[in-house]
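Engineer: Below, each chain spelled out in residue letters.
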Amino acid sequence: MLTLATTLINGSALWKIVVAAFVGGAGAAIAFGLLLLGLSRAESATGPTQRAGGYALSAACGAFCIAAVALGVYAIAHK
Amino acid sequence: MGSEAILILVVVVAVCFDFTNGFHDTANAVATSIATGALKPRYAVAMSAAFNLIGAFVSIKVAATIAKGIVNPHVLVGGDGLDLVFAALIGAILWNLITWYFTMPSSSSHALIGGIVGATLVASGAKAVSFHELAQTVLAPAVLSPIICLLVAATGTFGVYKLIRLIGVDEAKTGYRYGQIGSAALVSLAHGTNDAQKTMGVISLALIAHGDISANHFYVPVWVKLACALAIALGTAIGGWRIINTMGNRLTEIESPQGFSAETASAAVILASSYYGYPLSTTHVVSGGVMGAGVGKKLASVRWSVAGQMATAWLFTIPAAGAMGALVWEVARIFGSHSTFGAYVMALAAAAAAFGLFRLAQRNTVTAKDLDRTAASGPLPPGPPAMTPAVG
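Order-wise, the sequence lines are chains A and B. Residue numbering for the first sequence follows my numbering, starting at 5 and increasing by one per position. Residue numbering for the second sequence follows my numbering, starting at 2 and increasing by one per position.
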């Protein structure tokens, strides 16, 4: 059974796909949540430092999400 | 004259297949966005259609790979090749319509591959089909991809709901609704690059079989690209509400953070796999993502009986489309080899079957209005009742 599986599945490609999917898929969903959290914290902040921290978190997570989408479009164009 | 008439018929049938592919697979990109009220159903399918249209023009690499390595390329040359492609397309269309009638999301790509394999088996025997290649490039990814996507979506959903405690439920749901618009667009784009191009590949195969394109210098003519892109976009714009209902409402009750997780997981799995050389069925991946979104929020909130019905439909897709492709090939041959009359008789029979299924489906229709959740406040209302009859 294991032999059959190894002849049918390219293990090297599989783990790359799994890692990319977890980083891009689950990562983007969580990063978007952190973006919302940052915005929420910035809005309810009592001081400028807290507000800046909230916006910084949002900006970093927004950049991650945009990068994930850009990589996805690159993968579409170059597959 | 005879082969030209069959070529024209094959092109028309291929465009019809692309249209059915569009409305059958609309659910992949928009079901969760509609179910969570992120988008009105009509707007969702219009956006998905636009991104499918754009996606169809992005790259033609997928077009060159349809059934590559699975079927001996010599089988697809000459008049037999045209007849074979015709039989495969009719088989795939019929399976798409049957699964649509039973409200089951199933892979249009697998239906097409099944049709080609079935027609090839009866036309040229088992030697013309590489079952190892079929298992390696189609069956193994079909089993693995929904499982991977389920795990990714479940992880994402679990993480997201941990964060929602800190953000606030209403704020998070509103934010994720906006996010879903982007994630649905990305899945639509990925779908357009994959599925429209498979039909482009089929028409190009027919043109090779007819001698209009050299097999050594494969390319997709502009008119083929245009026809396929428009057909899949139009099919998407029509909206396969029955399957959208199954994917968005019947499989699990879904909220916008779950929908976003399912869509990003699906997009990531589809794009990573395509990039590393494994074109997948978007239907299988997205279904896995939706199930994962259910599992990640609360264990056992997935309706596994519906998931089981879907898995049954997936299991039967290649053999059933193959059997129909084989049947069409055999029946068309009763009228003679490369018979134009036989091909037209089969096309008319398929059109009659399609009409019959549409009429039957009108007994329990699902409309865009039934699925509109944008006006809902508080907990989402239950989806329309389960469609009957159901598979199983």
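It is possible that some hints are incorrect.
Stated by the list, open to error - Simulated pairs of lysine to any residue, SDA-like, Cα-Cα distance not exceeding 25 Å:
(1) B:K41 with B:D371
(2) B:K174 with A:L18
(3) B:K174 with A:Y78
(4) B:K174 with A:E47
(5) B:K163 with A:T11
Calculated directly from the structure, the hints in this document are not laboratory data.
Engineer: Evaluate each hint against the coordinates.
Structural biologist: Hint by hint, here is what the structure shows:
1. Our distance criterion of 25 Å between C-alpha atoms is met by B:K41 and B:D371, whose separation comes to about 11 Å.
2. For the hint linking B:K174 to A:L18, the alpha-carbon distance of about 33 Å lies beyond 25 Å, and the restraint is violated.
3. Proposed proximity of B:K174 and A:Y78 is contradicted: the alpha carbons are some 29 Å apart, above 25 Å.
4. Pair hint B:K174 plus A:E47 holds up; C-alpha atoms about 17 Å apart against a cutoff of 25 Å.
5. Proximity of B:K163 to A:T11 is assessed by CA-CA distance (about 40 Å); at most 25 Å being required, the pair is judged violated.
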